[in-house]
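Following the hints, position chain B against chain A.
Protein chains: 2
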Amino acid sequence: MAIPLEQALAVMVSTFHKYSARQGDKFKLSKAELKELLTKEILGCSSIDWLSIRCIMNDLDVNKDNEVDFQEFACFLACVAMGFNDFFKDHCQKQLRKK
Amino acid sequence: MAIPLEQALAVMVSTFHKYSARQGDKFKLSKAELKELLTKEILGCSSIDWLSIRCIMNDLDVNKDNEVDFQEFACFLACVAMGFNDFFKDHCQKQLRKK
Chain A
6 MAIPLEQALA VMVSTFHKYS ARQGDKFKLS KAELKELLTK EILGCSSIDW LSIRCIMNDL
66 DVNKDNEVDF QEFACFLACV AMGFNDFFKD HCQKQLRKK
Chain B
6 MAIPLEQALA VMVSTFHKYS ARQGDKFKLS KAELKELLTK EILGCSSIDW LSIRCIMNDL
66 DVNKDNEVDF QEFACFLACV AMGFNDFFKD HCQKQLRKK
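For the protein sequence lines, the chains are A and B, in the order given.
Per this note's numbering, residue 6 is the first one in the first sequence, and the count goes up by one each step.
Per this note's numbering, residue 6 is the first one in the second sequence, and the count goes up by one each step.
The set of hints was computed from the structure by calculation and includes no laboratory data.
Be a bit skeptical, because a hint or two may be false.
[Stated by the list, open to error] Here are the simulated DSS-like pairs of lysine-lysine, each with C-alpha atoms no more than 25 Å apart in a straight line:
id	chain 1	residue 1	chain 2	residue 2
1	B	31	A	94
2	B	103	A	23
3	B	45	A	94
4	B	36	B	23
5	B	94	A	69
6	B	99	A	33
7	A	94	B	23
What you are looking at is a predicted structure, and each value in this text was computed from that prediction instead of being measured.
Chain A extracted, bound-state conformation (with noise of 0.2 Å):
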């Protein structure tokens, strides 16, 4: 039986690797694939400009090597998680004023 929480960091893989695999190395995202990656697998970045592709990149690439490998992309993620974790706090906190 699937864990659903093993099944997420499954998917953190599987959906890392779809893009990294497509040109250069196929263990890393170039700025291309990052940008492919956040346009179609994040609904707010569906619209993403280069410019923010340069900045989000320069923000991961913590070894400068102009590429992100699944470590740096790993905190990337944990960051989202947060900003969705920081929506839920806030909602369940409006819940618990309005009792």
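Okay, now just chain B, sitting in the frame of chain A:
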């Protein structure tokens, strides 16, 4: 239409809150809540003992408040995902060597 990667991030948030809300601070995991989450949600931790929980808590609890907040939990999941990724990468490289 739900997007797999966003659903995965939502599962990370909902799984955390499923256990954090049980006792004490609703938005943080106590040791007992962390043990229950790992035991039920991570297959490799189904028989984890208290000594291991204390070690994991010691690593995750960056602000030393004796609880795990969502940021600390997200960093933990990023590390687990990296383990999944290493397994996936090794598998791919073995397949390539067979060809």
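Worksheet entry | Numbers of the earlier hints that this structure fails to satisfy, in rising order | The structure conflicts with no hint, since it agrees with every one listed earlier.
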